[in-house]
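Here are the chains, one letter per residue:
There are 2 protein chains.
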Amino acid sequence: MPLKIACGQMEVIPGRPDLNTRKMLQMIEQARAEQADVILFPEMAIPGYLIGDRWEQPAYLDDCVHYGEEVVATSRGITVVFGNVAVEKRRFNHDGHPRKYNAAFVAQDGRLLPGMAGKDFVMKAALPNYREFDDPRYFTAAPQECGVRHLKLAKSVLPVPVTIRGQEYRFGIMLCEDGWTEHYPFHIPRLLVENGAQILCNISCSPFTLGKNGKRHRVFGSQAAELKVPVVYCNNIGVQNNGKDVFTCDGQSCVYGPNGRIQSAAPMYSEYLLTFTWDEATDRIRAASYKDEIVTTEDDEAEVTYKALRFGLDRFLKQAGINRMVLGISGGIDSAVAAALYADVLGPRHVLLINMPSQYNSALTKSMAQQLAENIGANYTVVPITESITHTVNQLYSPIHSYESNRDFKLALDGLMYQNIQARDRGSRLLAGFAAAYRGGFSCNANKAELSVGYGTFYGDIAGVIAPLGDLWKHQVYALGHYLNETVYHKEAIPRAIFEIQPSAELCKEQTVGNGGDPLRYEYHDYLLRAFVENWDKASPVEILEHYMNHDLDSFLGCAPGTTDRVFHSNADFCADLERWYGLFTGLAVAKRIQAPPVLALSRRAYGYDYREAQLPAYLPRRYGELKAELLKQERLF
Amino acid sequence: MPLKIACGQMEVIPGRPDLNTRKMLQMIEQARAEQADVILFPEMAIPGYLIGDRWEQPAYLDDCVHYGEEVVATSRGITVVFGNVAVEKRRFNHDGHPRKYNAAFVAQDGRLLPGMAGKDFVMKAALPNYREFDDPRYFTAAPQECGVRHLKLAKSVLPVPVTIRGQEYRFGIMLCEDGWTEHYPFHIPRLLVENGAQILCNISCSPFTLGKNGKRHRVFGSQAAELKVPVVYCNNIGVQNNGKDVFTCDGQSCVYGPNGRIQSAAPMYSEYLLTFTWDEATDRIRAASYKDEIVTTEDDEAEVTYKALRFGLDRFLKQAGINRMVLGISGGIDSAVAAALYADVLGPRHVLLINMPSQYNSALTKSMAQQLAENIGANYTVVPITESITHTVNQLYSPIHSYESNRDFKLALDGLMYQNIQARDRGSRLLAGFAAAYRGGFSCNANKAELSVGYGTFYGDIAGVIAPLGDLWKHQVYALGHYLNETVYHKEAIPRAIFEIQPSAELCKEQTVGNGGDPLRYEYHDYLLRAFVENWDKASPVEILEHYMNHDLDSFLGCAPGTTDRVFHSNADFCADLERWYGLFTGLAVAKRIQAPPVLALSRRAYGYDYREAQLPAYLPRRYGELKAELLKQERLF
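For the protein sequence lines, the chains are A and B, in the order given.
Numbering-wise (the numbering used here), the first sequence opens with residue 213 and increments by one.
Numbering-wise (the numbering used here), the second sequence opens with residue 213 and increments by one.
Because the hints were derived from the structure by calculation, they are not lab data.
Take the hints with a grain of salt, since some may be wrong.
Stated by the list, open to error - Derived pair list, reagent style SDA-like, types lysine to any residue, alpha-carbon separation capped at 20 angstroms:
#, chain 1, residue 1, chain 2, residue 2
1, B, K703, A, R536
2, A, K427, B, D307
3, A, K301, B, H395
4, A, K367, B, H362
5, B, K427, A, H309
6, B, K578, A, Y615
7, A, K578, B, K427
8, B, K424, A, H309
9, B, K622, A, E586
10, B, K622, A, Q582
11, B, K301, A, R619
12, B, K530, A, A830
13, A, K367, B, V360
14, B, K235, A, A830
15, B, K622, A, R536
16, A, K364, B, H362
17, B, K235, A, L832
18, B, K367, A, G359
19, A, K367, B, G359
20, B, K364, A, L363
When you get a sec, could you build the whole thing from the sequences and use the hints?
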């Protein structure tokens, strides 16, 4: 008789072991009602995964252990596999904290089954330590534990034998990264199967990343096909953050048959009990619920961006106790897209849009701002900043007394200062004030290109409770805007003109949507900056110049063919531009990012804790100077 | 003939391998001139150590390798031991990045001597992964490399044989944490000596921490005594940061004789070539330069706090290109101490103090602010905020149109909003504006108690280029103030009344220095909050309540005996207070810290990257509820 297996795609709330346990007990009941033999829960289902140094608090660990025991106690008549922290109080991690493992427990009839290396849990072997992951900061890995005890890892990675209705099944249990060990000196799925596993279960806490699902399907699918066993992937949903970055866990739990193909899948961003049967004799998977539409190998970028942002914003704001948001609305694309998104998440009646014109704002953008508010049905007001700016400027000219020379002096203002005064007046004086009075938060609408080079003002437009577009390049913001109009609002909620005008800050008379826009040429700089931050091997001006001189920069960057040629008129221009933006990217922009609001992470590398930065002095690699000297001997490369 | 060894306590500039190499070449020349046989340089002397994900940029690694070769090339007639990154481009770390080691190279006569495991460098075995350290994120550890190649670590940790004037000496080279392996399954100093090392050299990049020098003297001294070899500790000076935290490296390189005692030491925070002779036959160390005053086992807290802050601020501001600072000056202790410190670092003529009164500021604090400016000889001005506040409040009452209901409405303000408006007006409108016009930065004067509970305003007083007092508890701020007056200014630069008034924000008529001060009772809360963040095993309300019920809370927290008894009048009061501040500490304050300026790190655990935090929902451990129920059955515990 085939086994019935349930995959408990639950919402995990990091920091709330009590609520997570309650949810698990409910799902166990539900699985029992559906006659499931086995239920799986995600990695760190009880404590949550991204909880920062809360891992160092013994009282929190005690609670996680306690709630783990509660789950074990409810396993009468069902086998429960769940992720939790395992604690050994009398042993130590290298740093002297009590020893902890990122562990999977298998419980049946109120007791734990034997795990690994003589313990009653399976320990994670591959502890990720890149991007946002910090596993080795907190946990001891299986290879470390085996090493200390002179055990061979290959002989310790054993499946858990589970007896159900008198028959023994060997479950290969692993945790998240254990399934992604391309560059590790061990291959957990293979070791498990070599040691007799008949089915592989990967319990994960896997944050959504654009493009990652397709990769997972390839990696896990080929694991199943190569090792000729089914692979079950059990992920959670929810938001987890590490301060600077807010990640969504997208669920999408699924089961891959021994043919490598997905047999059944749970939806994205919804709690779901995915059940299927597995006939060990024939290795056939039968899905009680088959979600055909879920099983795509590559995602539509705008669609999944929208889904991730919508879910992430909703949960993040709820957790922060925020149900109303204030946005400065300039008539430009970023604030318009953000406004449409918040109105979708919170309902337009809980969104307050504020247009804050100075003498530099055009009639066109002001009217677009109002039009947008009307289109989406939000709250709207216009609050000019001219009077306040005049007052501030007058105050900045106050006489200052020097107690050294016993004389008075005055300061002088330049244009850039004047622009930043406007931005701060809007952000810190008005938006922050309105947000408090509206009993909500306010939004930072900076996009990733702006954050990359610090094109934004400290405590001005770089301020707010969260930056929903902070991990989107400008071209992705436009694409999201089109998606919102077409698929969410089914109308031109964001007026067409907003897509068509030239992006401009409108902070001085030279900056206009008509002829003086942003200094960034997004069709090129989006891609240039992306190479600096998102390439796995981070690009520097050296590689950029090499590809430019090799006539294949557009393809290296992934921008439209011919872009470089169109944007630059001389080699000297090219170099000056490259040095300017790289200098900002590694310079003042770092200081701004350190104090920037949290970013909703979507890409392969988001600013914040995912991309870790020090404030470093300006530096160009040696080779750059050599290449540049060579290049500038030529008049024009192309 | 004894060997002459030089310890190159250089200033390392992270991110500038070119400048660091130039400095090393100069010191090599100097050592040669002093007839040294061997010169040591610190860990990661070429690249710097805290450089964030710059480690992922191949062009940067190429440069570090190149400059390493330059150093090797200059080693004619001298043996040079230096820290650098070692890169193996054709192999990978677990994450797929090129394999890197935190390595020590030993060069002699233009070539590298054999290191470890068949390589031409010694690799760090103990990679710290706590506090601010992220070594395993970037580097492969010796035990990992040995494991993959089936080498025994104990047989691979070999001293480097160095032949000088025909005699072979076996140098045991290790890197920083290798000397601190209490909780690791291996003991590098012992292995080195067991394998024949005659002298141990620990090259480090060791950030200053209050209390750490005493500990190092005990740990390294007993290593030397136990293993009966001299131990040389070579540290750098300089500032290194990881964005949220700025650390100082304090130097204090020294040599411990086989008796465990310090034989010679370099000064704190100065570049220095520490030279001494070592007679291998007698194991006698003779110091060419003996700095008696340096060799203290325990530091005077206010003195080293001052030294660390002075050096750290100086270097951090220089690197940021800032040579003038603006401070809001309230007449309270925090801004007064900060002002005295900046005036000392930058010179008073480069400091602009601004008093920004509203109707709530007392004549006393206003006069103290002016008096302070006069005492230290700074620049001073008074800029009232009343007019701006009135204007802002009027604007916040602007009619708002609801496009859903097609009606207008207005918002309402409460007292707390009104207070925050004042704080933002001062910080983001005036200080930021003045800082730009003054062509400098402005300071965040928040102390650690305020940052702990978020007692401060986003974009108001929690804003600025750096928070020099952000890792000092309120009582440490007072102590620093007294130190500045007594030892630096030799007069009452900070007027006595500033030490005597009750701390108060003066943001409403209830908050006065006379009778309505801060809600924090620093004599208790400083210590309570410290236990939450600085205790190695983080305290939670459970331990606090346990100790309270056990009548030993004061001693657990380290506050003055009798404090708890004096501050609280009932058990219910105690619990309410504990829940209030723990709730803020784990709640809104986290959101504020995420966007707070960088902190100059001094303590065992500074906010930022040293203490990593997620925004988590409110949660009290289970046991707390049980204890509280038990406690509240009693009328009054004491």
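With a cut-off of 20 angstroms on the C-alpha distance, tell me whether K364 of chain B and L363 of chain A pass.
Given that 20 angstroms is the threshold and the Cα spacing comes to 14 angstroms, the pair holds.
Pair hint outcome, K424 of chain B versus H309 of chain A [Cα-Cα no greater than 20 angstroms]:
The given pair, whose Cα atoms are some 18 angstroms apart, holds under the 20 angstroms limit.
Is K301 of chain B close enough to R619 of chain A, meaning Cα to Cα at most 20 angstroms?
Violated - the C-alpha atoms of R619 of chain A and K301 of chain B are around 62 angstroms apart, more than 20 angstroms.
Just to be careful, I want the Cα atoms of K364 of chain A and H362 of chain B compared with a cutoff of 20 angstroms; is the pair within it?
12 angstroms, holds
Hinted pair K622 of chain B and R536 of chain A, Cα distance within 20 angstroms
With Cα atoms ~15 angstroms apart, K622 of chain B and R536 of chain A stay inside 20 angstroms; holds.
Are the Cα atoms of K622 of chain B and E586 of chain A separated by 20 angstroms or less?
Satisfied, since the Cα-Cα distance of roughly 18 angstroms is no more than 20 angstroms.
Just to be careful, I want the Cα atoms of K578 of chain A and K427 of chain B compared with a cutoff of 20 angstroms; is the pair within it?
Distance ~63 angstroms between K578 of chain A and K427 of chain B Cα, so the pair is violated.
Proposed proximity, G359 of chain B with K367 of chain A (alpha carbon, max 20 angstroms):
Distance of about 15 angstroms is within 20 angstroms: holds.
What's the verdict on K427 of chain B and H309 of chain A, does the C-alpha distance respect the 20 angstroms limit or exceed it?
18 angstroms, holds
For the pair we were handed, K301 of chain A and H395 of chain B, check the Cα-Cα distance against 20 angstroms.
14 angstroms, holds
Is the Cα-Cα distance between K235 of chain B and L832 of chain A 20 angstroms or less?
19 angstroms, holds
Between the alpha carbons of K235 of chain B and A830 of chain A, is the straight-line distance 20 angstroms or under?
18 angstroms, holds
This entry does not satisfy hints 1, 7, 11, going by the numbered hints stated previously.
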